[in-house]
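Spelled out, the chains give:
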Amino acid sequence: MSRTARREFLRDLGLSAAALPFVLNLPSLGFANQQARKQRLVVMFSPNGVVPKTFWPDEEGSEFKLKESLSPLEPFKDRLLTLHGVCDKVRGDGDNHMRGIGCLLTGVELFPGNIQGGSHTPAGWASGLSIDQEIKNFLQAKEETRTRFGSLEFGVMVPERADTWTRMSYSGPNKPITPIDDPYQMFSKLYGKLNDRESLKSILDDLQADLKKLASSVSAEDRQLLEEQTTFVRELEQELKADATQAVGHAVPELEPGIKEDNDNMPKLCKLQIDLMVNSFASDFARVATLQITNSVGQAKMRWLDINEGHHEISHSPDSDEKAQEKLTRINKWYAEQLAYLAKRLAETPEPGGPGSLLDNTTIVWTNELGKGNSHTLDNIPWVLLGNGLDFKMGRALNYDKIPPSRVLNAIDQAADFIAGKSIKPGKVAHNRLLLSLAHGFGHHLTKFGNPDFCGDGPLSNLV
Amino acid sequence: MISAVTVASRPEILASQMLTLQPRLKVSLAGWMLLFGTSALFGADRTGEQIYQQVCASCHGAKGEGTTESYPHPLVGERSVGELTEYISKSMPEDKPGTCVGEDARKVSQFIHDTFYSPTAQARNKPVRVELSRLTVRQYRNAIADLIGSFRGAGKLEGQEGLRGEYFKARGFRANARAFERVDPVVAFDFKDKSPDDEKMEPHEFSIRWEGAVTAPDTGEYEFIVRTDQAARLWINDLKQPLVDNWVQSGKDTEHRESIFLLAGRTYSLRLEFSKAKQGVDDKKAKEKPPAPASISLEWQRPHRVAEVIPARCLSTSRPSEAFVVTTRFPPDDRSVGWEKATSISKEWDQATTDAAIDVATFVATHFEEFAGTKRDAADRDEKLKSFCHRFAERAFRRPLDDEQRKTFVDRYFVEGVEPETSVKRVVLLTLKSPRFLYRELGSQQHDAPVSGQATGDSDHSLARRAGFDPFDVASRISFAMYDSLPDQALLDAAAKGELKTREQVAQHAQRLLADPRARSKLREFLLTWLKVEHVPDVSKDSERFPEFNAVLANDLRTSLELFLDEIIRSDEADFRQLLLADSVYFNGRLAKFYGAKMGESEPADDAPFQKIELEPEQRAGVLSHPYLMAGFAYTGSSSPIHRGIFIARSVLGRSLRPPPEAVAPLAPHLRPDLTTRERVALQTKPESCQSCHAMINPLGFTLEHFDAVGRFRKEENGKLVNATGAYRTRNGELLNFTGVNDLAKFLADSPETHSAFVEQLFHFLVKQPIRAFGSNTRETLRASFVKDNFNIHRLMVEIIATAALTTSESKPQTPISSP
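Quick mapping for you: the protein sequence lines, in order, are chains A and B. According to the working numbering, the first sequence is numbered sequentially starting from 61. According to the working numbering, the second sequence is numbered sequentially starting from 7.
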């Protein structure tokens with residue numbers, strides 16, 4: 061899996077090498093694209109569903125109150141959008157946890173495969189690319205929106221195994237992307253070359269001295285070779301200097317050293333990753349990012365919240381188990397705090413070369429593979445949007461349940477429900493339409509994404 | 007006269023032309039057939055040389071070096087022959103201008119220009135010397151691999167062919183589910199819906215783990231291919247990170263490939279895990295277990311080859327340590343002289359050394375605690391790291407550091423306020439960018455300060471240096487010549503003890519290192535170079551005439567040649583003559599069928615494994631009759647006596663041939679369907695002008711006419727009996743006649759010309775310096791010992807290395823020994 065990442069890394073460097081004469085340059089595309097507004101998208105994932113009664117606002121529209129789970133987002137209430145009633149309707153192979161994460165951003169079925177879930181048929185990888193990659197490709201295709209990496213896939217405590225439950229982003233059918241959950245690895249991806257450059261600079265004087273010493277002791281004919289190398293080293297030195305002036309503005313963040321990847325360090329790891337993400341936005345390394353905290357069926361033990369059981373384990377407890385529901389609320393509140401921290405960092409970082417803050421140009425989408433842990437439902441996936449990157453009308457709680465069926469239902473569903481003899485219920489907006497909305501927010505006017513059957517009526521109404 | 011001088015003294019330039027013809031199967035060689043100039047035509051008049059000696063030499067010296075009385079300056083410059091002619095006509099000789107004009111002036115100008123005046127003549131006349139050389143790309147990669155490897159154990163190196171397979175009667179690899187273990191020669195199983203072993207496990211759910219190692223025959227990008235309909239993972243070299251991860255079997259993909267860069271002659275760890283079961287949530291309780299098929303095969307695609315199941319001979323049950331492979335792209339070495347000559351550098355090369363140094367530094371920085379034997383919180387961590395850095399630089403420089411160097415290269419980077427990771431990284435960068443690592447033959451000049459604190463006896467060092475040999479230089483010459491990498495510990499120890507002074511001592515180490523797989527690999531590469539097939543040539547054939555000759559068959563043919571070479575390399579006799587006389591060939595089922603050889607069974611299966619098959623008596627000529635070479639030195643539809651003749655003349659006999667002045671398309675067979683190939687070639691090269699070269703080329707090539715475009719033996723061509731008579735005029739002027747490949751092979755195997763050519767080419771390939779820099783008799787001395795040693799190639803390697811390691815070039819300045 062990480063071979064993909066490695067290759068991608070090399071490819072990214074290759075791109076930069078072509079763009080600038082010097083390969084060790086900290087690759088950005090020379091800021092050729094700094095004029096227009098820099099829109100960004102972040103998808104943040106947390107697992108195992110939510111507790112609806114402590115999560116969803118009761119009210120609708122702009123007058124709403126945040127409940128316990130979302131209370132950390134109070135400072136950003138006017139830049140917040142909660143979308144109730146948007147459902148993951150993709151079916152087919154795989155259990156709900158698998159489809160929950162595998163179809164979440166792809167909107168398309170999983171391939172049949174050999175991975176058996178807790179129920180349903182076994183499945184493989186998703187059969188299409190995910191919306192973050194779609195948008196990344198869209199942005200990378202154009203000179204004015206192209207960035208060094210295009211997208212960055214962050215993770216926090218993602219298990220060391222590649223399977224349907226641990227992968228959310230796909231660059232294509234059967235092409236899952238491994239999130240980088242080691243902040244030091246991410247750091248080296250982002251800034252490694254810059255550090256190498258510093259190291260290189262520090263040895264050049266000694267190298268010159270060594271060359272000089274050796275050149276004086278070999279024959280005149282042989283000396284020529286060493287003198288040639290001396291010239292190359294001098295040129296390297298000049299290139300490094302010239303490069304240093306270009307790289308102004310690429311402040312390298314200081315990373316607290318030696319944080320091991322282990323459950324109890326999750327809060328620290330999460331913070332490090334968010335800091336790196338904000339920094340890479342400030343340096344315009346990418347316009348799309350994902351932050352996958354644990355995985356579908358994630359088993360974080362939030363001992364720092366005095367919760368000693370694994371998250372997934374608790375999420376199976378029935379609604380009647382008040383204690384468990386209270387713990388789950390606390391867990392989701394903790395995730396909301398991470399979102400709040402990300403939003404805060406973005407809000408307090410000025411947009412380089414433009415007015416306002418990074419948050420003015422960034423939309424964060426916080427989501428989950430399930431609507432609710434104990435029922436494993438894919439209905440009412442908790443979608444929380446924060447920030448103003450996509451010009452949605454923020455500061456609202458929307459409920460697609462309440463929107464008349466004719467406006468939210470697609471023809472297939474209506475037909476299916478009709479055939480089943482069911483009364484037509486509201487609240488069945490396919491999440492593919494939200495994925496379309498995200499693309500449209502970037503000016504990428506897709507008519508279909510994922511399974512076309514769930515794209516009827518196009519992007520979600522009522523967002524803009 | 008002039009042209010003779012030019013040809014004899016310019017083998018390098020000729021060789022370079024030869025190499026540009028490498029994709030020779032596509033390039034027309036018929037330009038050989040045109041005459042190259044008119045310099046061979048001499049009138050009855052005086053030659054340019056005679057004129058010069060009579061008229062000019064008294065002032066300018068016999069070789070244009072000048073004379074102290076009249077004209078002290080050497081005759082060198084950049085004027086063209088025309089300009090010189092004009093000048094001489096007008097102004098020379100000084101006392102009687104106007105007496106050397108017209109044709110005389112032109113002839114003498116030509117002589118002066120070509121013999122000593124022009125820049126190329128000057129270069130040619132320079133004494134040949136051992137030049138300062140950088141590491142070749144291959145040497146660089148090997149040196150880094152061995153440098154890093156020296157800080158890890160070698161691992162478990164002994165083992166048998168094949169892979170160790172552990173079979174489990176469960177989907178995972180739990181010890182208590184282990185059913186049995188065996189060695190599988192290759193991994194190519196179609197279990198269908200059955201169990202691998204009915205008695206020991208159920209067919210529905212089982213798993214297998216194969217472990218061992220894979221040896222890379224060549225350097226380059228390998229694709230590893232796992233074909234399976236089940237969960238599988240493959241690790242190569244790095245056992246932590248799978249190269250191929252198909253634990254999720256998704257959709258209809260059953261072919262999973264990933265590539266990895268490997269170095270020739272090295273063995274890399276391999277692990278393959280396979281599981282026939284549903285992964286994820288265990289569905290053991292599932293009531294229905296319908297029969298389901300399962301299969302797995304482990305294949306690879308070697309550089310420029312076709313995909314094949316990894317053969318048993320490349321697999322072993324050994325467990326080597328992880329190797330570090332530099333994957334940075336380097337500009338290729340200059341091979342225009344026939345071997346990798348590394349006496350020039352370029353900006354691209356310098357950049358590549360920087361990039362590679364950064365890669366290595368990054369790797370070391372993430373492993374240095376392992377290498378230094380310390381831990382993050384250890385009290386003596388910094389000391390251990392420093393000491394690691396000292397050893398790193400010493401191994402990279404192939405010699406001990408003195409106090410000053412320890413300070414310069416290591417200690418000064420360990421300062422307050424700098425993370426030790428950063429310090430280590432910087433030391434590695436400086437070390438790997440230093441000429442002391444990058445160049446060879448910097449020699450004793452490296453000791454710019456006295457060695458102190460070494461237990462090895464400085465007096466020995468000084469003695470050796472006074473005699474012109476730095477013992478550590480000798481150690482490096484041995485190792486680089488033998489296997490293109492750093493000296494091993496035994497060599498460094500011997501150098502430190504002053505035990506690399508005599509020819510016997512050097513020969514002993516060379517002999518010891520012959521068994522090293524890296525040395526074997528280098529010899530193999532040499533033989534392929536000698537045969538002009540080191541870059542896998544395209545041997546595709548006319549698919550209408552030879553429909554069965556496809557890429558898979560061509561791949562088999564190459565394997566067949568390599569098996570033959572490997573057999574000679576492995577044997578104790580390592581008899582050179584066997585290369586030309588061997589009476590058998592390795593065929594698998596496919597090849598046996600195509601070439602009409604009997605293989606025991608009447609109709610062998612295509613993939614019947616390679617075995618040695620005795621050839622018909624008239625085809626027994628080792629590589630000369632090997633179908634891979636015969637097909638290689640041929641066109642797509644017909645044989646090519648010219649390609650074959652040039653190969654024999656140049657490679658085997660070591661003859662210089664002038665390049666053709668221009669390329670001329672060969673006469674297409676269909677234009678003269680009445681002629682045999684031989685007749686066509688004879689017709690087209692008939693003009694006197696072609697014959698200066700083709701008089702040698704054609705009769706050599708004609709002896710191989712029994713082999714058609716695919717190397718198949720034939721008695722007839724176009725209904726006419728094949729005429730395979732030929733001839734060769736030796737350097738002594740003796741004309742020898744041959745009929746067929748056997749005759750030719752017998753002559754070649756016994757010819758001193760062949761032996762000399764082989765000695766010289768092997769010398770250059772090993773030492774990478776011109777043999778003439780080691781004394782004018784070196785080649786002849788080595789040839790004599792080659793004969794005496796029954797043409798044992800291993801012995802020849804030892805002799806070459808013993809000679810080269812203890813010879814210093816006279817033109818090399820001796821540094822005064824400043825201190826004891």
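In case anyone wonders, no lab produced these hints; they're calculated from the structure. C-beta: ideal position from N, C-alpha, C; glycine also. Treat the hints with care, since some could be wrong.
Cross-link-like lysine-lysine pairs, in silico, DSSO-like; alpha carbons within 27 Å at most [said to hold, decoys possible]:
| no. | chain 1 | residue 1 | chain 2 | residue 2 |
| --- | --- | --- | --- | --- |
| 1 | B | Lys295 | A | Lys261 |
| 2 | B | Lys200 | B | Lys175 |
| 3 | B | Lys413 | A | Lys328 |
| 4 | A | Lys273 | B | Lys347 |
| 5 | B | Lys353 | A | Lys253 |
| 6 | A | Lys273 | B | Lys200 |
| 7 | A | Lys320 | B | Lys175 |
| 8 | A | Lys253 | B | Lys175 |
| 9 | A | Lys331 | A | Lys137 |
| 10 | B | Lys390 | A | Lys320 |
| 11 | A | Lys273 | B | Lys413 |
| 12 | B | Lys347 | A | Lys272 |
| 13 | A | Lys149 | B | Lys258 |
| 14 | A | Lys235 | B | Lys390 |
| 15 | A | Lys235 | B | Lys258 |
| 16 | A | Lys261 | B | Lys347 |
| 17 | A | Lys261 | B | Lys258 |
| 18 | B | Lys200 | A | Lys272 |
| 19 | A | Lys320 | A | Lys301 |
| 20 | B | Lys162 | A | Lys301 |
| 21 | A | Lys272 | B | Lys413 |
| 22 | A | Lys328 | B | Lys353 |
| 23 | A | Lys320 | B | Lys353 |
| 24 | B | Lys353 | A | Lys508 |
Pulled a few chain A residues facing chain B out of the computed Cβ check, cut under 10 Å [stated by the list, open to error]:
| no. | residue |
| --- | --- |
| 25 | Leu126 |
| 26 | Leu170 |
| 27 | Gly184 |
| 28 | Phe198 |
| 29 | Ser231 |
| 30 | Val312 |
| 31 | Pro410 |
| 32 | Pro412 |
Across the chosen pairs, the derived CB separations fall in these ranges [as the list claims (entries may be wrong)]:
| no. | chain 1 | residue 1 | chain 2 | residue 2 | range |
| --- | --- | --- | --- | --- | --- |
| 33 | B | Arg341 | A | Glu316 | 22 to 30 Å |
| 34 | B | Ala183 | A | Lys125 | 36 to 44 Å |
| 35 | A | Ser435 | B | Asp288 | 49 to 57 Å |
| 36 | B | Gln60 | A | Arg294 | 34 to 42 Å |
| 37 | B | Pro317 | A | Glu316 | 49 to 57 Å |
| 38 | A | Lys125 | B | Asp288 | 40 to 48 Å |
| 39 | A | Gly318 | B | Ser393 | 40 to 48 Å |
| 40 | B | Pro78 | A | Gln268 | 50 to 58 Å |
Hints versus structure:
no. : hint                              : result
1   : Lys295(B) x Lys261(A)             : violated, 65 Å
2   : Lys200(B) x Lys175(B)             : holds, 13 Å
3   : Lys413(B) x Lys328(A)             : violated, 40 Å
4   : Lys273(A) x Lys347(B)             : holds, 25 Å
5   : Lys353(B) x Lys253(A)             : holds, 20 Å
6   : Lys273(A) x Lys200(B)             : violated, 72 Å
7   : Lys320(A) x Lys175(B)             : violated, 36 Å
8   : Lys253(A) x Lys175(B)             : violated, 48 Å
9   : Lys331(A) x Lys137(A)             : holds, 22 Å
10  : Lys390(B) x Lys320(A)             : holds, 24 Å
11  : Lys273(A) x Lys413(B)             : holds, 15 Å
12  : Lys347(B) x Lys272(A)             : holds, 24 Å
13  : Lys149(A) x Lys258(B)             : holds, 24 Å
14  : Lys235(A) x Lys390(B)             : violated, 44 Å
15  : Lys235(A) x Lys258(B)             : holds, 14 Å
16  : Lys261(A) x Lys347(B)             : violated, 31 Å
17  : Lys261(A) x Lys258(B)             : violated, 51 Å
18  : Lys200(B) x Lys272(A)             : violated, 72 Å
19  : Lys320(A) x Lys301(A)             : violated, 36 Å
20  : Lys162(B) x Lys301(A)             : violated, 48 Å
21  : Lys272(A) x Lys413(B)             : holds, 17 Å
22  : Lys328(A) x Lys353(B)             : violated, 45 Å
23  : Lys320(A) x Lys353(B)             : violated, 41 Å
24  : Lys353(B) x Lys508(A)             : violated, 50 Å
25  : Leu126                            : violated, 36 Å
26  : Leu170                            : holds, 8 Å
27  : Gly184                            : holds, 2 Å
28  : Phe198                            : violated, 25 Å
29  : Ser231                            : violated, 14 Å
30  : Val312                            : violated, 13 Å
31  : Pro410                            : violated, 31 Å
32  : Pro412                            : violated, 28 Å
33  : Arg341(B) x Glu316(A): 22 to 30 Å : violated, 52 Å
34  : Ala183(B) x Lys125(A): 36 to 44 Å : violated, 56 Å
35  : Ser435(A) x Asp288(B): 49 to 57 Å : violated, 23 Å
36  : Gln60(B) x Arg294(A): 34 to 42 Å  : violated, 53 Å
37  : Pro317(B) x Glu316(A): 49 to 57 Å : holds, 51 Å
38  : Lys125(A) x Asp288(B): 40 to 48 Å : holds, 45 Å
39  : Gly318(A) x Ser393(B): 40 to 48 Å : violated, 23 Å
40  : Pro78(B) x Gln268(A): 50 to 58 Å  : violated, 40 Å
Violated hints, listed in ascending order, are 1, 3, 6, 7, 8, 14, 16, 17, 18, 19, 20, 22, 23, 24, 25, 28, 29, 30, 31, 32, 33, 34, 35, 36, 39, 40; each of the other numbered hints is respected by the structure.
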